[in-house]
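Enquirer: Single-letter residue listing:
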Amino acid sequence: MNAEAPLQANGGTAPWTGRSLPRVEDAALLTGRGRYIDDLGAPPGTLHAAILRSQHGHARIESIDATRALALPGVEAVLTRDDIQALTTSLVVGVKAPVECWPIATDRVRYMGEPVAVVVARDRYLAEDAMDLISVRYAPLPPVLDPRAALAPDAPVLHEGLRGNLASDRSFRYGDPEAAFAAAPHRVSVVIDYPRNACTPIETYGVVAEYEPGTQSYDILANFQGPFSIHAVIARALKVPGNRLRLRTPRDSGGSFGVKQGVFPYMVLMAAASRITGRPVKWIEDRLEHLAASTCATNRATQLDAAVEADGRITALAWDQIEDCGAHLRAPEPATLYRMHGNMTGAYAVRNVSIRNRVVLTNKTPTGLNRGFGGPQVYFALERLVQRIALELGLDPLEVIRRNLVPADAFPYRSATGALLDSGDYGAAMEAALRDGGHEELLRRRDSARAAGRFYGIGYAAVVEPSVSNMGYISAVLTPAERKRAGPKNGAQATATVSADPLGAISVQVASVPQGQGHRTVLAQVVADVLGLRPEEIRVTSEMDTAKDAWSIASGNYASRFAPAVAGAAHLAATRLRDKLARIAASGLNLLPEEVEFAGGRVRARGNPDNALPFARVASASHWAPGTLPPEMEGGIRETVFWTPPELTAPTEADEVNSSLCHGFIFDICAVEIDPATAGIRIDRYVTMHDCGRVLHPGMVAGQVTGGFAHALGAALYEEHAYAPDGSFQTGTFADYLVPTATEVPDLRILHHETPSPFTPLGAKGVGEGNCMSTPVCIANAVADALGLPSITLPVTPARLAEHVFPPESEPPARVRPTTRPTATGQRGLSGEGEAVVDAPPQVLWDILFNPATLQAIVPGAHSVERLTDSHFRAEVTLGVGPVRGRYVVELELAEPVPPRSVVLTGSAEGGLGSGQGSGTVTLEPTPEGGTIIRYHYDAAVGGKVAAVGGRLLDGAARVVIGQFFTALANHASGGGAKRLGLLAWLRRLLRTGGRA
Amino acid sequence: MKPASFDYVRAEDRKEVLDVLRREGTEARILAGGQSLMPMLAMRLARPGVLVDVMGVPEFRILSDDAAGLTIGAGVRQAALGALPDLAQRHPMLAAALPWIGHAQTRSRGTVCGSVAHADPSAEIPLLLLALGGEVRLRSHRRARSLPAGEFFTGLMNTAKAENEMIDSVFIPAAKPGVGQAFREIGRRHGDYAIVACAAVADGAVLRLAVGGVADRPMMRSLPQPGDPTLEEALDAFAWDLGARDDLHATARYRRELVRRLGRATIEEAARCRA
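Sequence order for the protein chains is A and B. Going letter by letter, the first sequence gives residues 747 to 1743 in the working numbering. Going letter by letter, the second sequence gives residues 87 to 361 in the working numbering.
Note that these hints are calculated values from the structure, not bench results. Because the structure is a prediction, the values reported are computed rather than measured. For glycine and all other residues, C-beta sits at the position ideal for the given N, C-alpha and C. Any given hint could be a false lead.
[To be verified] Away from chain A, derived, C-beta distances all over 12 Å, residues of chain B:
no., residue
1, Asp93
2, Tyr94
3, Ser122
4, Met129
5, Val143
6, Gly155
7, Ala203
8, Arg228
9, Thr245
10, Lys262
11, Val292
12, Pro312
13, Glu318
14, Ala323
15, Ala336
16, Arg339
[What the hints assert, rightly or not] Just the calculated beta-carbon pair ranges, DEER-fashion:
no., chain 1, residue 1, chain 2, residue 2, range
17, A, Asn1597, B, Gly236, 51 to 57 Å
18, B, Pro259, A, Asn1597, 32 to 38 Å
19, B, Arg307, A, Thr1652, 50 to 56 Å
20, A, Asp853, B, Ala248, 29 to 35 Å
21, B, Pro259, A, Ala895, 55 to 61 Å
22, B, Gly236, A, Pro1558, 33 to 39 Å
23, A, Thr1652, B, Arg231, 42 to 48 Å
24, A, Thr961, B, Ser91, 48 to 54 Å
25, A, Pro1558, B, Thr316, 16 to 22 Å
26, B, Thr316, A, His932, 41 to 47 Å
[Unchecked claim] Just so you have them, the derived chain A footprint on chain B, three or more residues with Cβ under 8 Å:
no., segment
27, 95–106
28, 168–175
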C-alpha cells in the first residue's frame, strides 16, 4: 500500500471524496459561533492600540509631539520611529537594493495611511482620544503615483538609497524572439494600465502580542494566513531566534484572499509595544485603516507585443512590465510580478519570449498577496492581445485561440519560460465550453441585437491557473549569479498529521490556516476514505501554533494550495497510519498486511468481512499495549507527513522557472449588452469552464469559482483603490470602494472538464483564483466587442463608456462657467471663484486682511490667530459643513501684495481629519459709490481622512468653507464687526451681495 | 473608528428634546435611525457633546395618511413608510422610490425625517419631498413653523433649520386625482447614492422635474410637455445649469447625459401615468 494505491471505497459504497457533503464549519459560522480573533478575549491587563496614520501621500516629518496624548490618564505609551527602531530591525526586502522597510514611518511618510505613531492605552476609545492629541508637523513633498511617471528622471524619489524609484530591472530571453519578430508578417501590440484593487475580507486584521520577559520571547496571536516564511521575517525584525517567536492563529478567520498575509508588519509593531509596556497589546484594524493602508494587488503598466503569422499563430511575445509595489517593497514583493513567470505564455504554445520586468515604488500603499496574485495583470494583457490579433488580422478570436493552444498530446508541457504544465486538454475543454455554454445561441443574440442597433458583445478568455507556488520562484528577481551566492530556494512543503487517540478516534492537524473555505470538511472526507470511517468521525483542527505544530515556510493558505498540496499531505499521512494499523491488525486477524482492508469502521480481511476487528480497537492498540506491536514497528499513534513535489525545482541558469506545481485551465465566455440610454453594462451570460483536476468537493469548487468571479466582477466593473493627484487616498469606505453585492453578481454557468494532475497525491489542482485571472479580461473583451473599442481601462464604468455610447455633447450655454479647470500643475483640483460687493473702500478690506485681530473674525471658525510675520499667520480653527466638524491648524500667507488692490493668499490646513492646501488671488476694485468689488479665484486640494471617507461631498464642502472666508471678509468690511455669522446668515448675505462660491 | 465621548439622552417626550436643543445649542445632535450619524461619529467626523435619541418619544411616531396628505413624524422609519397600506395607490412616487433608498437593512433603521435633516445632495428623500411639494415642520422650544422643501434645503448638508430647532415631522400633500408621478435613478450599484435621480410630476398642463445627485441640493424646474419641440432644449439647459462635477463615480458629462436622458424618460413616464 502506498500513495499511488487507489482510494478505498468505504463499506462498498462510493468514496466520500468527490461528494458535496455538508460543511462541518457551517453550523458554527451560521449561528454566530465562529471563533474570530476579536471574539477570543485577551489576557487580563491587555492594553489596546490605535495607530496614528499619515494624512499625506508624501511628506517629511518635521516633528511629532505626543506630550498632550501622554498626559491623558490611561495612556501607557506613544511609540514612534525611535522606539520601534531601538527594538527591531528593518523588515527584509526582497531585492538586492539599498532600501529598508520599517513598519512605521521614519524620516518621512511615503503613503497616506502609513503608521506614524502607535498609542497604547487602557481601551481603544481612549487610545483614539489620545491619537487626536498628537501633533505632527509635516513638510509636504511632491508625490509620484503613476508607475511610468515614477521612472522619469525628474520624478520625486521615495527612497534616497535607490536614487530613483526603480527597485529592480531584469530582462529575460527565451528562444529567439528577435528572429521571430523579424520573420513574422504581423506585429500586434497592446498597452495596458491595470488598476489597483483588493479583495476586502469582511474581518480586518487583528493582533494580540505578548512579550514574556522571563524567556525573552514573543507570543503573537494574529489572523495571519501564511506563508510562514514570514515567521522568519518577523523573528529577524524582532531580533529573536525563531524558537522565541510563537505565532498562533485563531480557529476562524473572516476571509483573507491573500490580504491577511499583510498583517505581519503590525505583528512587529504590537510585539514592540508589548515589550515596551510590559503588557499584552491588542490591535484590531478598522475599516478605514484596512481600505487605506492594509495592502492591495499591484497596479501594472504593460506593453505586450506579439509576432504573428497570417493565420493568427503567435511565434513570439515581448513583455515589458512595470510593476508598482507602492511605497515599500514589503515581503514577499515583488512576488506578484514573478508568480506568473513560468506562465507568461498562458495557455499557448509560444516558444520565443522576451520579458523586461521593472519594479517601481510610488506613494501608494505597499502591495502584497491578493487573490489571483499576478494573474489578472498578465492575462488582461495577454487576452486583450489575442482579441486585437483577431481584429487586426480579420480572424475569429476563437480561431486565434485554437491555433495557439498547447496541444493535448504535449503534456506534461514545458513552457518557454520554464513552467511544467502538468495535464490538460485545452482544446477539448474549450469546445465543450462552446457547446455546453450555448455559444451558437449567443452569436445569434448578438446578430439580432446588432441588427436592431443595440450594443451587444461577446468576449473570451483562455487562461492557465497556476497553483501550489514554488517557494523558489521569487528568487528569479535575482540574477543567476546572485542566486548562486544566496543558495538554492525551491519546493512547496505541505504538512499534515493524523493521529489516533486511546479510544481509537482519529484527529487531523494541518498547517493550513483556513478563512472559511471548508478545509475541515474536505480533510475529514479524504482521511475517512483512507481509514474506512465516516467523515463525522474524523476531527480536524486547523488552528496554527508554531511552537507545537509541524510546519515549514510554505505552510499557510495561499497559492490555491489546499486541495492539491494540503489535502494530499493529509491523504499521505492517513495512508501511512493505515499501513501501520494494517500490520497491527494483520497479526490479530492472521493475515498478511496486504490482505487487510479498512471499511465501514472495521478492519477486516479482504474478501472475508467476517474476519474483522473494530477500527477503534486496532487504532487504540498502540496506546494500551505497545508491547504487542509487531517487531520493529514504531508508533501507530501519530503520523506526520512533510510532502514536497520534486517537480518544483529552483530556477535554472537560463532563468527558466517552474513557478507552480499545478496548472488548471479555464475557458470563459462572456456576453454583454450596453444600455444606450444609461451606458450601463448588463452581463447577459457568463460561462466558465474549469479543469481543476480531480474535484474533491463539487459544492466547494462551485463556491470558489463563484466567489472568484464575484471578486473579478468587482475588479472589472466597480473597484479601484483611487488616489488623488496629491496622493490622497479616495476610497476609504464601502460607499466609495464599491464591492459588488449579491444583486450585482449574475448567475454563472459553471462547467467542468477533468484531467487529474499526475503530480499531486489526489490528482487535484487549485481552483481558488482562476476567475480572478480570466474574468476581468473576458468582460473587457466583451465590452470592447460591443462598442468596437480598441482599448479598455478597468474598472469599466458607465461614465467611462459614456463618450462611446452617446453622441458628442452640445456646447454649454454661455452663462455656464466650467467649475473644474486644470490647476497650475495640470492636475484636476478644486477651483472656484466668486465676487461680492461691499460698501467699504478697498483700504478697509486691506487692513482687515493684514490684521490678526480682524483676520480672526473672518477666518471661518477661528479660535485664535497668531501673527508669525507681517504677512504670515497661524490660526487654530474649527471647520466643517453640516454635522462634519474638525479642528485644524491653518497657516495663511499673503504674498505679492499690491496695496490696496490685490494679494495672493496661500493657505494650508492640517488636522485630525486631514489636510488641505490652496492658493487664490484676491482683487479689490473700488466702485464709483466708494465701495469695493471683491473678486477671488482659487485652486485648492483637500486630502487626508476626509478625502478618504467623504470624497463624494468634499469639493462642495471645501467650496463652502472658502466661500465662508470671503463672505465674512465682505461682512466684516461692511461693518458686521467681529461677530461670527451663522451659516444661514452668511448664505443670505451671500445671495444678497451677489456672491458665487 | 471609535466615537469621541458624548452624553446620551434618551428623550421621553418632545419637550425634553427641545429643552436639550435649547440648552446645548450646536453641541447637541438628534439621533434618530443613526444611519448617517453613527458612522460619522465612529469616524470622528462629527463630535457632538450630546446625542438626543428621539426614537422613544411617542409624539414622533405619528404616521398618518388622510385626505389632506401624509404626515411622517421624526421617529418613523423608512421601512414603516414603505409598509403603509395603499402607499402605491395614494403616493405612487414614494412607493416607487423607497426601494432605491439604501438597502432593506438601512431602511429598517433609517428614518424619513433623519434623511431630510441630513440633506445629502444625493439622497432620495429630500428629492421626493421637493418633487411632491412637501413641507418640513420645524419646532423649537419657542415656536413651530413650516417650510416648503424648496426653502428648507439650502446647500450641501445645509438646511434652514436653526440650531435650536428639530424636524418634528414632514408633510406630503395627497396626490391630486389624475396627477402622474414617476421616479427613476441611476447609481453604481443597487442601494448606492444616486449618480442622478429624477422625480417628475405631471399635473395637468404643469410638468415639473426634480433632480438629485447633481447640484448641492435637489433642484426642480418646470418643463415643457413631452412632444413639445422645446423640451429637449429645456432639458439641456437644466442639465448644464445644475453645475455637475466630476467625482470618483461619474463624470460631469455623464451626469448631464443622465439628466437629459433619464429626465426625459421620467417625464414621459409621469405624463403617461397622468389620467
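Enquirer: If a hint holds in the structure, say so; if it doesn't, say that too.
Expert: Okay, the hints, checked on the actual structure:
1. Asp93: Given that every Cβ of chain A is farther than 12 Å from that of B:Asp93, nearest at about 15 Å, it holds.
2. Tyr94: B:Tyr94 is indeed farther than 12 Å from all Cβ atoms of chain A, at 14 Å.
3. Ser122: Not fine: 8 Å to the nearest Cβ puts B:Ser122 too close to chain A.
4. Met129: violated (6 Å)
5. Val143: Holds, because the least Cβ-Cβ distance between B:Val143 and chain A comes to about 21 Å, which exceeds 12 Å.
6. Gly155: holds (27 Å)
7. Ala203: violated (9 Å)
8. Arg228: With a cut-off of 12 Å, B:Arg228 remains clear of chain A, as the shortest Cβ separation is near 16 Å.
9. Thr245: violated (8 Å)
10. Lys262: Label holds. Min Cβ-Cβ 30 Å, cutoff 12 Å.
11. Val292: Non-interface label on B:Val292 holds, nearest chain A Cβ at 24 Å vs cutoff 12 Å.
12. Pro312: Answer for B:Pro312: holds, closest chain A Cβ roughly 15 Å.
13. Glu318: Contrary to the label, B:Glu318 does not stay out of reach of chain A, its closest Cβ about 10 Å off (not over 12 Å).
14. Ala323: violated (6 Å)
15. Ala336: The claim is violated: B:Ala336 sits with its nearest Cβ about 4 Å from chain A, within 12 Å.
16. Arg339: Given a closest Cβ separation of 6 Å, the condition is violated.
17. A:Asn1597 with B:Gly236: 51 to 57 Å: Taking Cβ atoms as reference, A:Asn1597 and B:Gly236 lie about 40 Å apart, which means the hint is violated.
18. B:Pro259 with A:Asn1597: 32 to 38 Å: At roughly 53 Å between Cβ atoms, A:Asn1597 and B:Pro259 fall outside 32 to 38 Å, so the hint is violated.
19. B:Arg307 with A:Thr1652: 50 to 56 Å: violated (39 Å)
20. A:Asp853 with B:Ala248: 29 to 35 Å: Roughly 50 Å apart at Cβ, these two residues miss the hinted range, so it is violated.
21. B:Pro259 with A:Ala895: 55 to 61 Å: The hint (55 to 61 Å, Cβ to Cβ) holds, given that B:Pro259 and A:Ala895 are roughly 57 Å apart.
22. B:Gly236 with A:Pro1558: 33 to 39 Å: At 25 Å between Cβs, range violated.
23. A:Thr1652 with B:Arg231: 42 to 48 Å: holds (43 Å)
24. A:Thr961 with B:Ser91: 48 to 54 Å: violated (39 Å)
25. A:Pro1558 with B:Thr316: 16 to 22 Å: This hint holds: roughly 18 Å between Cβ atoms.
26. B:Thr316 with A:His932: 41 to 47 Å: violated (54 Å)
27. 95–106: The restraint on the segment 95–106 of chain B is violated, since only 0 of its residues have a Cβ under 8 Å from chain A and three are required.
28. 168–175: violated (count 0)
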